[in-house]
Amino acid sequence: MELTKQKRTGPVIFSEYKRGDAIKKIITMTREDILFELKESKLKGRGGAGFPTSTKWMLTAASKSDEKFLVCNADEGEPGTFKDRVLLIEYPELVFDGMVVGGYTIGAGHGILYLRGEYEYLLKSLQDYLEQMRKDNLLGKNILGKEGFNFDISIFLGSGAYVCGEETALIESLEGNRGEPRNRPPYPISTGYLGKPTSVNNVETLCAVAHIVLRGGEWFSKVGTDKSSGSKLFSVSGDCEKPGVYELPWGTKVSELLELVGAKNTKAVQIGGASGVCIPKSQFTRTLAYEDVATGGSIMIFNESRNMLHVLKNFMEFFVDESCGQCTPCRIGNVKLLEGVEMIESGNYTFAHINKLKELGKTMQVASKCGLGQSSPNSFISILENFNDEIFNSANGGRNGR
Amino acid sequence: MLVVEKNALSDEIESYIKKYGDDRSALLMILHEIQDKHRHISEFAQQEVARLLNIHPVEVYSVISFFAFLNSNPKGRNIVRICQTISCDMHGKADVVQAIERELGIKIGETTKDNKFTLEYANCLGLCDMGPAMAINDQVYTKLTPEKAVELLSKVK
Ligand SMILES: Cc1cc2nc3c(=O)[nH]c(=O)nc-3n(C[C@H](O)[C@H](O)[C@H](O)COP(=O)(O)O)c2cc1C
Ligand code: SF4
Ligand code: FES
Numbered sequence: 001m002e003l004t005k006q007k008r009t010g011p012v013i014f015s016e017y018k019r020g021d022a023i024k025k026i027i028t029m030t031r032e033d034i035l036f037e038l039k040e041s042k043l044k045g046r047g048g049a050g051f052p053t054s055t056k057w058m059l060t061a062a063s064k065s066d067e068k069f070l071v072c073n074a075d076e077g078e079p080g081t082f083k084d085r086v087l088l089i090e091y092p093e094l095v096f097d098g099m100v101v102g103g104y105t106i107g108a109g110h111g112i113l114y115l116r117g118e119y120e121y122l123l124k125s126l127q128d129y130l131e132q133m134r135k136d137n138l139l140g141k142n143i144l145g146k147e148g149f150n151f152d153i154s155i156f157l158g159s160g161a162y163v164c165g166e167e168t169a170l171i172e173s174l175e176g177n178r179g180e181p182r183n184r185p186p187y188p189i190s191t192g193y194l195g196k197p198t199s200v201n202n203v204e205t206l207c208a209v210a211h212i213v214l215r216g217g218e219w220f221s222k223v224g225t226d227k228s229s230g231s232k233l234f235s236v237s238g239d240c241e242k243p244g245v246y247e248l249p250w251g252t253k254v255s256e257l258l259e260l261v262g263a264k265n266t267k268a269v270q271i272g273g274a275s276g277v278c279i280p281k282s283q284f285t286r287t288l289a290y291e292d293v294a295t296g297g298s299i300m301i302f303n304e305s306r307n308m309l310h311v312l313k314n315f316m317e318f319f320v321d322e323s324c325g326q327c328t329p330c331r332i333g334n335v336k337l338l339e340g341v342e343m344i345e346s347g348n349y350t351f352a353h354i355n356k357l358k359e360l361g362k363t364m365q366v367a368s369k370c371g372l373g374q375s376s377p378n379s380f381i382s383i384l385e386n387f388n389d390e391i392f393n394s395a396n397g398g399r400n401g402r
Numbered sequence: 001m002l003v004v005e006k007n008a009l010s011d012e013i014e015s016y017i018k019k020y021g022d023d024r025s026a027l028l029m030i031l032h033e034i035q036d037k038h039r040h041i042s043e044f045a046q047q048e049v050a051r052l053l054n055i056h057p058v059e060v061y062s063v064i065s066f067f068a069f070l071n072s073n074p075k076g077r078n079i080v081r082i083c084q085t086i087s088c089d090m091h092g093k094a095d096v097v098q099a100i101e102r103e104l105g106i107k108i109g110e111t112t113k114d115n116k117f118t119l120e121y122a123n124c125l126g127l128c129d130m131g132p133a134m135a136i137n138d139q140v141y142t143k144l145t146p147e148k149a150v151e152l153l154s155k156v157k
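Taken in sequence, the protein lines are chains A and C. Counting from 1, one number per residue, gives the positions in the first sequence under my numbering. Counting from 1, one number per residue, gives the positions in the second sequence under my numbering.
This is chain C alone, in the form it adopts within the complex (with noise of 0.2 angstroms):
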């Protein structure tokens, strides 16, 4: 990481502990302004974060593992999840992942080489009335077919 790459990452996450104050409970929203912003909270970040919130970065990354949509790891810049759950799949989530797959030429769990796309299953996401459902990034898109997965895709940038 250059070092001026260093510095606006520090910037940004002092204006995150000024929007939501220096406690540890401020933590998780930190993480998540970092997660939104970058797709992951790289080992700089996390320590920066330890710092300034005056923890241990172990404790950091040990909240970061715990969940779902934080990671330490660099993901694509969209990440695009697909529900797995019963309702879901009941109705066509497997073409759906087929299409998505074979479109984008990687499977679950993957991420496109030009970095474009990370691709998850993710547990029900409270839209069971309107599956097969999927998220790109924080957006919901329901009542999928293949054809429009695939094309909801084709617009992202």
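Only chain A is shown next, with the shape it has when bound in the complex (with noise of 0.2 angstroms):
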């Protein structure tokens, strides 16, 4: 095994923690001050969708039911995407800790870690820190000597299903059926695992919770941008001189990061993993946030020398195998549009059609069930439009990169 712990420092997520400070905190808070620290922060959810927490957490909490559930979600499938797994190897504490505070502020019991089976090298390890923390007393019964205070975690291994990552195709799943996304409503907050309230947090969402409630929701939301606040976790590979995680506030430029990854001859950047959009050299200048590019942190670089077609083709394959194939726009739409790409990789398309390939993903980015189908055609539709001198005109020496 070639992955090894790093030093690592960042304004929130890598800053200074202890295993139990926010747990010891909270026993000190009601439900309502974790909240509204929450609210404070206006800390968004780090899957991607960006739902604000706070809310999520206030309407699980005001579910009436006898049993709640808190899922963590690690299911991280998206290409480009690896902060989850420098989060669980490298900070557990942070992982468990936000799980137990959420699960107070929820009123939930039972946590559970969805943990996607590529990850299973790392179930041994985080099943002993598990029972360390139950030797601990920071999980199990009277949480650190509070009457009633009751919470464990378990650890759930997928399978393999890039849409088990979708949070109805993972409680799917988990209740042991095929992982299909369900018609929402309702909502998880309401009708989750076996029918009950459940909510389903990303596994940075959770360690950004435990330091907020250990530091304030006004710390952390002094933090980015005021419509962003925080940092973000960034998975950046591809050309650059150093891939791997960086934690950086949010509101960064593509090009500050770029410059710290020592990118050079940089042609194109995929944000947001397959499902992302590619933007190219001219919007290099915007900058990573829900108000400009949002992401759940994939950076994909690319240099002068890659074929930005080729590149278009292997995210295209990516959906075709991943497509749970429930809905017809998305089992048939990613089909036409790989065929699209494959088309045009041949020199055997008409422009009329390739135009038409475009207003089908936009009619699968309405019509799809699901966040799969529905983002699928955004890699389609940017690259195929920023690229489009490259991609039809000869540009780059007539040879697409190559």
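Since the hints were derived computationally from the structure, they do not count as laboratory data. Glycine included, every Cβ here is placed at the ideal spot set by N, Cα and C. You may find that some hints are simply not true.
Just some of the chain C residues that point at chain A, by a computed CB distance under 10 angstroms [to be verified]:
no., residue
1, A26
2, Q46
3, S62
4, S65
5, F67
6, Q84
7, M90
8, G92
9, G126
10, D129
11, M130
12, V156
In silico lysine-lysine, BS3-like type, Cα no more than 25 angstroms apart, as pairs [what the hints assert, rightly or not]:
no., chain 1, residue 1, chain 2, residue 2
13, C, K18, A, K135
14, C, K19, A, K135
15, A, K267, C, K18
16, A, K267, A, K253
17, C, K143, C, K113
18, C, K107, C, K6
19, A, K124, C, K18
20, C, K148, A, K242
21, C, K18, A, K242
Both chains come to you apart, so use the hints to assemble them.
And the structure:
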């Protein structure tokens, strides 16, 4: 195993923290106190959708039920994303303490870590970690001596399906079904796992929560921009000297990030993974933030030598593979888009047809049942539009970057 | 399948039921255990799981067919999955695949004659900063070169 721990620094997530700190703090706080700090922090979910965490927890807390669940979504399947892997390996204290805080806030007795099957190699060490937390009474009954504060965590292994990162598909698979997204409403906050109120939160969101309860919502909201508070973990890969995970405040410019990671001769940056958008050089002054380019944190860098059509083909193959097939726009649409890419590749296309496919992409964005089919056309549309000259007009030496 | 083998498998599955319970929600963890141990979930295993969870065998099959890591047909003793997604692709995945195919004498999707290896593509393994990456069963390997990949496979039992 070559996955070693590194010394990391950052404004929030990678700042000083000791195991149990957040739990020690919350036993002196009421549920309302915690919700107040979260609201102050303006923390939004880091899993991609960007829903305010305080609202999600307030609604789950308000749902009446004998049983509730807190699920940590560690399905991390978006191409180019690996920050949750780093958090699980190097910062399990943040992930699990964050889950305990979540359980306390919404009134759940049981937390589930949904670990993607590809991360099975982490299972043993995570289980050992939980066992140690039980021994130290950071989990279990009457946590840290607080009467009635009961919470425990179990780990559930995924089985290799990207769509199971979508929260309702995740819940379906937890229940022993095919991982097919559900119609919403009802939302998991009222009708989730086993029909009970369930909050599904990303790994990074929970790590931020642990810091927020400790240092206060105001402290967190001072990092980042007005509309995008706090910091973000970016998983950087592709053509650069220093790939890896970086914690940066929201509002960082794409060009600043490129500089930091030692990217040279950069032609394109894919932001947000295969389901994100691809921007050309002329847009590198844009900022990473909910109000400009929002992202779950995947940054893939392509230099001048890369063939953007090949990149696009790789993404479309991914979606054809991973579509659950439940709804037509996504099942058929992704195949059509991939065929379109192959037509361009072989020179057998008409502009009329390609334009029709772009329209099809726009239809998929509105007509697909879940986020997979709604976002899979993003790279198709943005790559064909932003790299139009390279792909159709023989720019870049007429060889598509080859 | 021999009767003793069937009995052993039944006992094994019952032990998983003890560990995870007999609710439907235990299904995937149970299938995971069977898959890990036998590299596939046989028809008999599916029937046993269905019987013990009190659901129809077709439901068990339908779940297996949904997930990439579960399969009902036998595979090799070791499953090798090479990441085919773009970051690994850009860092030389194709050369690694070619070297492995050459060395094992099989193509992606196939199993060696001695049943030792099944070779597959995987989508992003979450190791994009260290590509090309591959998994052999549940362990992962990074920064592969054609030589390193072949050497790693030669160490597998
Ligand atoms: C196809 C698809 C895959 C997703 N994968 C993940 C994932 O791997 N991890 C994650 O946290 N959220 C993922 N999401 C988003 C979840 O549905 C959900 O919004 C998120 O887990 C909520 O957590 P948050 O509020 O902390 O962001 C995915 C969504 C879709 C549509
Ligand atoms: S959009 Fe795609 S992944 Fe989502 S439900 Fe429809 S077919 Fe399944
Ligand atoms: S692209 Fe290969 S591990 Fe992510």
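Hints, verified against the model:
1. Below 10 angstroms, beta-carbon pairs count as interface contacts, and C/A26 has one with chain A at about 7 angstroms; its hint therefore holds.
2. For C/Q46, the interface hint is violated, the least distance from its beta-carbon to any beta-carbon of chain A being 13 angstroms, above 10 angstroms.
3. Because the beta carbon of C/S62 sits about 6 angstroms from the nearest beta carbon in chain A, less than 10 angstroms, this interface hint is met.
4. About 8 angstroms separates the beta-carbon of C/S65 from the nearest beta-carbon of chain A, less than 10 angstroms, and the hint is met.
5. Taken as an interface hint, C/F67 checks out: its beta carbon lies about 4 angstroms from the nearest beta carbon of chain A, inside 10 angstroms.
6. A least Cβ separation of about 8 angstroms between C/Q84 and chain A falls short of the 10 angstroms threshold, and the interface hint therefore holds.
7. The closest approach between the C-beta of C/M90 and any C-beta of chain A is roughly 6 angstroms, which is under the 10 angstroms cut-off, so the hint is satisfied.
8. Interface restraint check: C/G92 against chain A, minimum CB-CB distance 13 angstroms, threshold 10 angstroms, status violated.
9. The interface hint given for C/G126 is met, as the beta carbon of that residue sits about 4 angstroms from the closest beta carbon of chain A, less than 10 angstroms.
10. A least Cβ separation of about 4 angstroms between C/D129 and chain A falls short of the 10 angstroms threshold, and the interface hint therefore holds.
11. Interface hint status for C/M130: upheld, as the beta-carbon distance to the closest one in chain A is roughly 7 angstroms, under 10 angstroms.
12. The interface hint given for C/V156 is broken, as the beta carbon of that residue sits about 15 angstroms from the closest beta carbon of chain A, more than 10 angstroms.
13. A distance of roughly 24 angstroms separates the Cα atoms of C/K18 and A/K135; the hinted pair therefore holds under the 25 angstroms criterion.
14. At most 25 angstroms may separate the alpha-carbon atoms for a hinted pair to count; C/K19 and A/K135 meet this at roughly 21 angstroms.
15. Distance restraint check for A/K267 and C/K18: the Cα-Cα separation of roughly 56 angstroms exceeds the 25 angstroms cut-off, and the hinted pair is therefore not satisfied.
16. With a C-alpha separation of about 16 angstroms, the suggested pair A/K267 and A/K253 falls inside the 25 angstroms cut-off, and the hint holds.
17. For the hint pairing C/K143 with C/K113, the CA-to-CA distance comes to about 28 angstroms; that exceeds 25 angstroms, so the pair is violated.
18. A threshold of 25 angstroms between alpha carbons decides the hint, and for C/K107 with C/K6 the separation of about 33 angstroms lies outside it, so the pair is violated.
19. The hinted pair formed by A/K124 and C/K18 meets the criterion: a straight-line CA distance of about 20 angstroms does not exceed 25 angstroms.
20. A distance of roughly 22 angstroms separates the Cα atoms of C/K148 and A/K242; the hinted pair therefore holds under the 25 angstroms criterion.
21. A C-alpha spacing of about 48 angstroms is found between C/K18 and A/K242, which places the hinted pair above 25 angstroms, so the restraint is violated.
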